[in-house]
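Chemist: Chain order of the listed sequences is X and P.
If you're matching positions, the first sequence starts at 153 in this note's numbering and goes up one per residue.
If you're matching positions, the second sequence starts at 3 in this note's numbering and goes up one per residue.
In case anyone wonders, no lab produced these hints; they're calculated from the structure.
Honestly, I wouldn't trust all of these hints.
Under 8 Å between C-beta atoms, here's a sample of chain X residues computed to sit facing chain P [to be verified]:
1) Pro294
2) Pro304
3) Ala753
4) Glu791
List time: in silico EDC-like cross-link candidates among lysine to aspartate or glutamate, alpha-carbon distance up to 20 Å [claimed, not checked]:
5) X:Lys340 <-> X:Asp354
6) X:Lys340 <-> X:Glu790
7) X:Lys340 <-> X:Asp305
8) X:Lys340 <-> P:Asp23
9) X:Lys340 <-> X:Asp372
10) X:Lys340 <-> P:Glu140
Here a beta-carbon is modelled for each residue, glycine too, at the ideal position from N, C-alpha and C.
Below are the chains, spelled out letter by letter.
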Amino acid sequence: MRPPEAPIRDAPRAAVIAHPALRRRARARWTRGRLLAVASGAFAIACLGLFVVTPLDLRTQIALAAGTLLLALLLGRRRGRAATLALVLVSVAVTGRYLYWRISTTLAADWSIDAVLGGVLLAAEIYSCAMLLLAYYQSAAPLRRRPVPLPPDPSRWPSVDVFIPTYNEPLSIVRATVLAAAAMDWPKDRLRVHLLDDGRRDSFRAFAAEAGVGYVTRRDNAHAKAGNLNHALAVTDAQFVAIFDCDHVPVRSFLQVAMGWLLRDARLALVQTPHHFYSPDPYSRNLGTAGRVPAENELFYGVIQPGLDTWNASFFCGSCAVLRRSALEDVGGIAVETVTEDAHTALRMHRRGWRTAYLGVPQAAGLETETLAAHVGQRIRWARGMAQIFRVDNPLLGRGLGLSQRLCYLGAMLHFFSGIPRLIFLAAPVAYLVFGRHVFNALPLAAVAYGLPHLIHSTACNARIHGRHRHSFWSEVYETCLAWYVAVPTTVALLAPRAGRFNVTTKGGRIGAPFFDAGIARPALLLAATNLAALLAGVWKLVSGGGEVDSLAINLTWALHNLVILSAAIAVACERPQARESQRVPVRVPAMLRFADGRTARGETVDLARDGASIALGSAAPLSRQQRVWVSIFSFGEERPLPAAVLGYEGSSVRVRFLGLTLEEETHLVRVLFSRADAWIGWTRGHRREHPLRTLAAIARHGAVGIGRALALSWRPPLALLPPRAIRPVRRAS
Amino acid sequence: MAPDIDRLLRALRVPDFEYRDPVVARSPPARVAAPRPGVLIVAIASLLRGVGRTMLAANLASAVGRRGVPAVAIDLDPRDGVRLHFRAASAAAARALDAPVQSTERCVGYVPFGRDPAGVIETLAGRSAVVFLDTPAEPSPQLEQALAEADEVLVPVRPDPSVADAFRATEALLARWRRPAWRRTRARYLVNQLDARRDADREALATLRALAGSRLLWPAVQQDEAVRAALARGRCVHHEAPGSQVVADLAAIALQLAPARARALKDDS
Chain X
153 MRPPEAPIRD APRAAVIAHP ALRRRARARW TRGRLLAVAS GAFAIACLGL FVVTPLDLRT
213 QIALAAGTLL LALLLGRRRG RAATLALVLV SVAVTGRYLY WRISTTLAAD WSIDAVLGGV
273 LLAAEIYSCA MLLLAYYQSA APLRRRPVPL PPDPSRWPSV DVFIPTYNEP LSIVRATVLA
333 AAAMDWPKDR LRVHLLDDGR RDSFRAFAAE AGVGYVTRRD NAHAKAGNLN HALAVTDAQF
393 VAIFDCDHVP VRSFLQVAMG WLLRDARLAL VQTPHHFYSP DPYSRNLGTA GRVPAENELF
453 YGVIQPGLDT WNASFFCGSC AVLRRSALED VGGIAVETVT EDAHTALRMH RRGWRTAYLG
513 VPQAAGLETE TLAAHVGQRI RWARGMAQIF RVDNPLLGRG LGLSQRLCYL GAMLHFFSGI
573 PRLIFLAAPV AYLVFGRHVF NALPLAAVAY GLPHLIHSTA CNARIHGRHR HSFWSEVYET
633 CLAWYVAVPT TVALLAPRAG RFNVTTKGGR IGAPFFDAGI ARPALLLAAT NLAALLAGVW
693 KLVSGGGEVD SLAINLTWAL HNLVILSAAI AVACERPQAR ESQRVPVRVP AMLRFADGRT
753 ARGETVDLAR DGASIALGSA APLSRQQRVW VSIFSFGEER PLPAAVLGYE GSSVRVRFLG
813 LTLEEETHLV RVLFSRADAW IGWTRGHRRE HPLRTLAAIA RHGAVGIGRA LALSWRPPLA
873 LLPPRAIRPV RRAS
Chain P
3 MAPDIDRLLR ALRVPDFEYR DPVVARSPPA RVAAPRPGVL IVAIASLLRG VGRTMLAANL
63 ASAVGRRGVP AVAIDLDPRD GVRLHFRAAS AAAARALDAP VQSTERCVGY VPFGRDPAGV
123 IETLAGRSAV VFLDTPAEPS PQLEQALAEA DEVLVPVRPD PSVADAFRAT EALLARWRRP
183 AWRRTRARYL VNQLDARRDA DREALATLRA LAGSRLLWPA VQQDEAVRAA LARGRCVHHE
243 APGSQVVADL AAIALQLAPA RARALKDDS
């Protein structure tokens, strides 16, 4: 019996509704609520439908468009989720109205060239509208999960196997990951780190023995990374499995932060944390936007994964995650049928009724791909894998998924089919400007009255939802860079899902000199030339009076927009040199230099890397080049001076290079550099909210500068020595 | 709690999140000095020679003085070493026999051996100040007197293999001479002349940390040639090498001794 004075609020829900009367009442309330929700939902959909299909004459449509824009302006001034949802609703209504008008009135019902081209364009538009709606659905109410505390008694914490799969990456990259993983704050008797070497390299075996971690290898490399992980699962037995790609270095708090949810919820299969990168991605490095424009992957980890988490559809991203062994065993291990084994594994877990969680606290950091070509190669693999899953394990079909999960997976997969629609949009204005084809069978003014509100609302809505995680129009730049390259593999994977092999993403290399990768930019160059020709043809028609002025104006604007986006995409192919193979990380912690004469100097680190550091001293010290010093970095734990040589100095700031560190010293450096619990916490700090038009102007500026760079770099033949490889990145020793 | 965990927990905003940090807490409880106005008397005592008693008395006085808190180093050691640290900086002569010799540094004075320390402390009564007593190594009336008068006992230790013996001997001495007045305060240990490049130093530090726990003051004072050079020129190390680590270490120790004093100083005025 419960004591009567206990507040009923604290009782478990089951206990409260155990009483028959209470249960009846609860059921009645639930039914009433459900009915009310269904009724209001039906009413809203009916209103929306009415709004979408009501025919209006052109003048009234213009007034309506102005009205919705005014409404959006007023709503946009309010903060909060309710206003965002209202804006989304307005955007959905306007887009629906546009699409209905487009389908019902602008299609020519014959097989003329105009009609066929118009149909192709319409298909692309339907795709992007569908993606817009799915994206709205995904991000309707992002779940900002916070960590859950662990049981206070560490002896009740579970055992964890840490898997670090590697295939052909250099040992210098893998070392930091292994040392930092072994240094995570978890009871030592329940933390087992395993280096899974598919390359079967003796140096790796020796290093694992030296570092005191497990070394697992196998005879063949069947099923690449997925097979490697499955093999390791078979020879280990801890309750939980943490997986890190070999360049993703975890901070020491990773497990204590991520494990809480798994202990609270026994049906939770995995907790995914964001992939943070401490080196800039090819876009921000080549355009020089690092720190000002959000990184390319931030939208996914900042908006999309929390959005998916709301619908219990956040998925495994292959690294920086903790998985429950029983859940993995329940779905037969990591999925091996596709090249994106991570998302496929999560899909299978969802089908079997497991839950997943996304925790947006960056607790590991890795290296971005260092060239655009490598980035494109990685995305081709993702796109092909998602298309494969779409074919072999379609989320719309099969058992076990809820409707919202199906929609979320559909969105995640369809996203990678954006290649062909993007190419269509980039080529479309040519049809009218060059060939005089009317792909849009409507009055130009009507197209503006219906189409422009759709564009404005969706842009503004996305700007609001994406906030500081993705600036407007940048998605178009990213898609444009990839469009040609993902178009073919996704189509092939749709037709023949079993074809193709797993390609490993190259990381940690070094670009020697700046060069323009004309190979990778070829599709963008071709499209840019086409659009430029269309622009010139259009201007000539305008001057000579050879076309309708309003149609010309629309198409010229479109071509100009395409040119801006394409020029930025070309600019990304101007590869900038990566200064050092081991990336310097800005770290500000107290440090000390000890000189050979026994004196010391107090300072603070400015940046740190695996091979050196910059230190700002409190006052000028007597320094000379190549001088031998010892650097102490006071981050946490015991002090361990690192031998170093002075590379250079200026005033009171000094750059040093570490000399021949022992394993203990290297472990200390890795801990200082990568293990600090707060190392990557401020990952979105410094990004400001943006204004779409100003962003477009900035993209145009980047594009113009980039084209100039591309021309300058192409003019100098010696730089062609560096192979301008298209898809397959060349491994460089590092 | 290490600072990185602090910042992580602040960012997580989970109030009941308890982090298990195996990294030894680096900073002791912030309050070393009792937060009451008046004179704080710190006896710097050790049974071993050459651990840096005199250097710490003079330089800690200088470091506290730079924080704007009046500080006096009183020499109870017949070798009269404190004087040497202020040779270059002291005014020509004491104004009165019962007042500390003013150094040219703001708020810093010293009293050479032979004066009556009680009289000097009398003159400070009612003000917020920190007095450092430099004591002789061998058991003597001066040492006994210093331990009897002190609010805090600071024991400098060199990080060498004898650290455990030094710790036990000091504890035994303090237990023998225990006075009712210091029932609350016990000796705090301070590692001096640390050079972490040496394995022996790191081991000794770990040993002492295990023995003394939170009574080990942090940071340790680094070994630095600038200290000897400063002594040779008769001045405090701050004037010799202001950018050196040893000055930063002394300042951090002074901050732990003087914050309460600084607050009291404000209350006085």
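Chemist: Classify the hint on Glu791 of chain X as holds or violated, based on whether any CB of chain P lies nearer than 8 Å to its CB.
Modeler: holds, 4 Å
Chemist: For the pair supplied as a hint, Lys340 of chain X and Glu140 of chain P, confirm whether the alpha-carbon distance does not exceed 20 Å.
Modeler: violated, 46 Å
Chemist: Between Lys340 of chain X and Glu790 of chain X, does the CA-CA distance stay at or below 20 Å?
Modeler: This hinted pair holds, its Cα atoms lying about 19 Å apart.
Chemist: Do the numbers back the hint for Ala753 of chain X, that is, is its least Cβ distance to chain P under 8 Å?
Modeler: holds, 6 Å
Chemist: Can the restraint linking Lys340 of chain X and Asp23 of chain P be considered satisfied, given a maximum Cα separation of 20 Å?
Modeler: holds, 13 Å
Chemist: Next item in the hint list is Pro304 of chain X. Is there a CB on chain P closer than 8 Å to its CB?
Modeler: holds, 6 Å
Chemist: So, Pro294 of chain X near chain P? Judge it on the closest CB pair being under 8 Å.
Modeler: This hint is violated: Pro294 of chain X lies away from chain P, its Cβ roughly 16 Å from the closest one there, beyond 8 Å.
Chemist: Does Lys340 of chain X pair with Asp372 of chain X here, judged by a C-alpha cut-off of 20 Å?
Modeler: Given pair Lys340 of chain X, Asp372 of chain X is violated - Cα atoms ~32 Å apart, limit 20 Å.
Chemist: With the threshold set at 20 Å, check whether the alpha-carbon distance from Lys340 of chain X to Asp354 of chain X stays at or below it.
Modeler: violated, 26 Å
Chemist: Please verify whether Lys340 of chain X and Asp305 of chain X have alpha carbons no more than 20 Å apart.
Modeler: Roughly 15 Å separates the two Cα atoms, so the pair holds.
In summary, the numbered hints that this structure violates are 1, 5, 9 and 10.
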